[in-house]
Amino acid sequence: MSSKTTKSTKTKQSRKTTDLDKEIDELFKVFDKNGDKSITASELGAAMRFLNLNPTKKEIADTMKLLDVNNDNKIQKDEFRKFLKNYLKENPEVLTQEESIRAAFKVFDRDGNGYIDGKELKVAMTKLGEALTDKELGEMMRDADANGDGKIDYNEFVKIWTETEKAK
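98 is the number that the UniProt record's numbering gives to position 98 of the sequence shown; each next residue is one higher, with no gaps.
Bear in mind the hints are in silico, worked out from the structure with no lab data behind them.
Please note that a few of the clues may not be correct.
With a straight-line Cα cutoff of 25 Å, these simulated BS3-like cross-link-like pairs (lysine-lysine) come out [said to hold, decoys possible]: (1) K89 to K127; (2) K106 to K119; (3) K89 to K77; (4) K22 to K57; (5) K33 to K57; (6) K22 to K106; (7) K58 to K119; (8) K135 to K122; (9) K159 to K33; (10) K37 to K135; (11) K22 to K58; (12) K135 to K119; (13) K106 to K159; (14) K33 to K65; (15) K119 to K74; (16) K85 to K29; (17) K159 to K74; (18) K106 to K74; (19) K151 to K82; (20) K65 to K77; (21) K74 to K57; (22) K119 to K89; (23) K37 to K58; (24) K122 to K85; (25) K22 to K33; (26) K119 to K85; (27) K33 to K127; (28) K65 to K85; (29) K37 to K85; (30) K29 to K122; (31) K33 to K85.
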């Protein structure tokens, strides 16, 4: 293998690592609901419930023990990143970003009709630990529902999802 090919391969791997770090950081931000740069057991439980894992208190505690390397009862970004990178190495079939967004859409679209209505949005946000008032729910629906048909389709979901991620 020539040094040029080796350099090109290293550059691609470096770019992949940088993209992965960004995606892991974004996922960390989603789980770190209060923005204190750590994930508590409560935040971890909400994230697991959002992913339809429905963990018991023991499962949440066990997961915290696994991830909380420095035993401060919080998961720091570096602990989260190290765990997730190792997990992804062992499980290369894990979702791409596009597949992740599609999977999230399916979680919100509980009846599988291809749209998210107000009731589904409220249920999903509650599972995330964000109980919405009717006013907040209305605002979220208006912001996301670009065509004004009263429901959020997949393309509208992708748009609002990516805008939210960019704003973080």
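Going down the list of hints, with the structure as the test:
{"no.": "1", "hint": "K89 to K127", "in the structure": "violated, 29 Å"}
{"no.": "2", "hint": "K106 to K119", "in the structure": "holds, 14 Å"}
{"no.": "3", "hint": "K89 to K77", "in the structure": "holds, 18 Å"}
{"no.": "4", "hint": "K22 to K57", "in the structure": "violated, 30 Å"}
{"no.": "5", "hint": "K33 to K57", "in the structure": "holds, 19 Å"}
{"no.": "6", "hint": "K22 to K106", "in the structure": "holds, 23 Å"}
{"no.": "7", "hint": "K58 to K119", "in the structure": "violated, 30 Å"}
{"no.": "8", "hint": "K135 to K122", "in the structure": "holds, 11 Å"}
{"no.": "9", "hint": "K159 to K33", "in the structure": "holds, 21 Å"}
{"no.": "10", "hint": "K37 to K135", "in the structure": "violated, 29 Å"}
{"no.": "11", "hint": "K22 to K58", "in the structure": "violated, 30 Å"}
{"no.": "12", "hint": "K135 to K119", "in the structure": "holds, 13 Å"}
{"no.": "13", "hint": "K106 to K159", "in the structure": "holds, 15 Å"}
{"no.": "14", "hint": "K33 to K65", "in the structure": "holds, 20 Å"}
{"no.": "15", "hint": "K119 to K74", "in the structure": "violated, 33 Å"}
{"no.": "16", "hint": "K85 to K29", "in the structure": "holds, 16 Å"}
{"no.": "17", "hint": "K159 to K74", "in the structure": "violated, 32 Å"}
{"no.": "18", "hint": "K106 to K74", "in the structure": "violated, 29 Å"}
{"no.": "19", "hint": "K151 to K82", "in the structure": "violated, 38 Å"}
{"no.": "20", "hint": "K65 to K77", "in the structure": "holds, 15 Å"}
{"no.": "21", "hint": "K74 to K57", "in the structure": "holds, 15 Å"}
{"no.": "22", "hint": "K119 to K89", "in the structure": "violated, 38 Å"}
{"no.": "23", "hint": "K37 to K58", "in the structure": "holds, 24 Å"}
{"no.": "24", "hint": "K122 to K85", "in the structure": "violated, 32 Å"}
{"no.": "25", "hint": "K22 to K33", "in the structure": "holds, 18 Å"}
{"no.": "26", "hint": "K119 to K85", "in the structure": "violated, 35 Å"}
{"no.": "27", "hint": "K33 to K127", "in the structure": "holds, 13 Å"}
{"no.": "28", "hint": "K65 to K85", "in the structure": "holds, 17 Å"}
{"no.": "29", "hint": "K37 to K85", "in the structure": "holds, 18 Å"}
{"no.": "30", "hint": "K29 to K122", "in the structure": "holds, 21 Å"}
{"no.": "31", "hint": "K33 to K85", "in the structure": "holds, 22 Å"}
Taken one by one, the earlier hints fail for this structure at numbers 1, 4, 7, 10, 11, 15, 17, 18, 19, 22, 24 and 26, listed in ascending order.
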